[in-house]
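Model the full structure from these sequences, guided by the hints.
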Amino acid sequence: MIDQFLANVFEIKSFVFTDDFEMLAKKICNKTEAFTFIYDFSEDKIYHIGLEYLLNDKTISDIKELSSVAKDFDSLKDNIKNIKHKIEDSQINVFIGKKNPLFKVDYLTLICTKIKHENIVIAIVTPKVTNYEKHFKIFKALINSI
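In this text, residue positions in the sequence shown follow the working numbering: the first is -10, and each later residue adds one.
Any given hint could be a false lead.
Straight-line C-alpha distance at most 27 Å; calculated DSSO-like pairs for lysine-lysine [claimed, not checked]: (1) Lys105 <-> Lys34; (2) Lys93 <-> Lys20; (3) Lys34 <-> Lys15; (4) Lys87 <-> Lys60; (5) Lys15 <-> Lys105; (6) Lys53 <-> Lys16; (7) Lys20 <-> Lys70; (8) Lys53 <-> Lys129; (9) Lys70 <-> Lys53; (10) Lys126 <-> Lys20; (11) Lys88 <-> Lys15; (12) Lys105 <-> Lys53.
Read the hints as simulated data drawn from the structure, not as lab findings.
So, in structure tokens, the structure goes:
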């Protein structure tokens, strides 16, 4: 199990150095099984994948909550710009439930970091009930590889 985790970490680290953010987002999404996005402030570009993890979440209890998630997704790029100052550089930042500044529903958590001199935000959005230890290991590996 540890060997597989280390292999995954080295695979993710190799993409951090290439600036292939689309591929990095895919790798993180595959490892975390969570909606993943990377926002590049210098190019004003967002790479995202895994929307099905948000929409298939069993904690969505009604159409109003689903509509709220969809609305927040549509505003994601603008909202990332507005919260850049709340995300600490090279740290694991966690916003749980209603404290999540991007998806304003109680059952989702935002886990994110800024890298490369605050020009890149890497984030996942996952249910509150999640494997935080697994996600933190992946984010620690990303931060330590920069």
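For the pair we were handed, Lys105 and Lys34, check the Cα-Cα distance against 27 Å. holds (15 Å)
Starting from Lys20, check that the Cα of Lys70 is at most 27 Å away, please. holds (26 Å)
Has the given pair, Lys87 with Lys60, been kept, meaning a C-alpha gap of at most 27 Å? holds (15 Å)
Would you mind confirming whether the straight-line C-alpha gap from Lys88 to Lys15 stays at or under 27 Å? holds (26 Å)
Does Lys129 lie within 27 Å of Lys53 when you go C-alpha to C-alpha? violated (35 Å)
Taking only the CA atoms, is the gap from Lys53 to Lys16 under or equal to 27 Å? Status violated; Cα separation ~31 Å.
For the pair supplied as a hint, Lys34 and Lys15, is the alpha-carbon distance within the 27 Å limit? Answer holds: Lys34 to Lys15 is near 16 Å, not above 27 Å.
Just to be careful, I want the Cα atoms of Lys15 and Lys105 compared with a cutoff of 27 Å; is the pair within it? Holds: Lys15 and Lys105 sit about 19 Å apart, inside 27 Å.
Would you mind confirming whether the straight-line C-alpha gap from Lys126 to Lys20 stays at or under 27 Å? Roughly 11 Å separates the two Cα atoms, so the pair holds.
Please work out if Lys70 and Lys53 have their alpha carbons no farther apart than 27 Å. holds (26 Å)
Take a quick look at whether Lys93 and Lys20 sit within 27 Å of each other, Cα to Cα. holds (25 Å)
Hint consistency between Lys105 and Lys53 [alpha-carbon to alpha-carbon, up to 27 Å]: violated (37 Å)
Violated hints, in rising order: 6, 8 and 12; the structure is consistent with all others.
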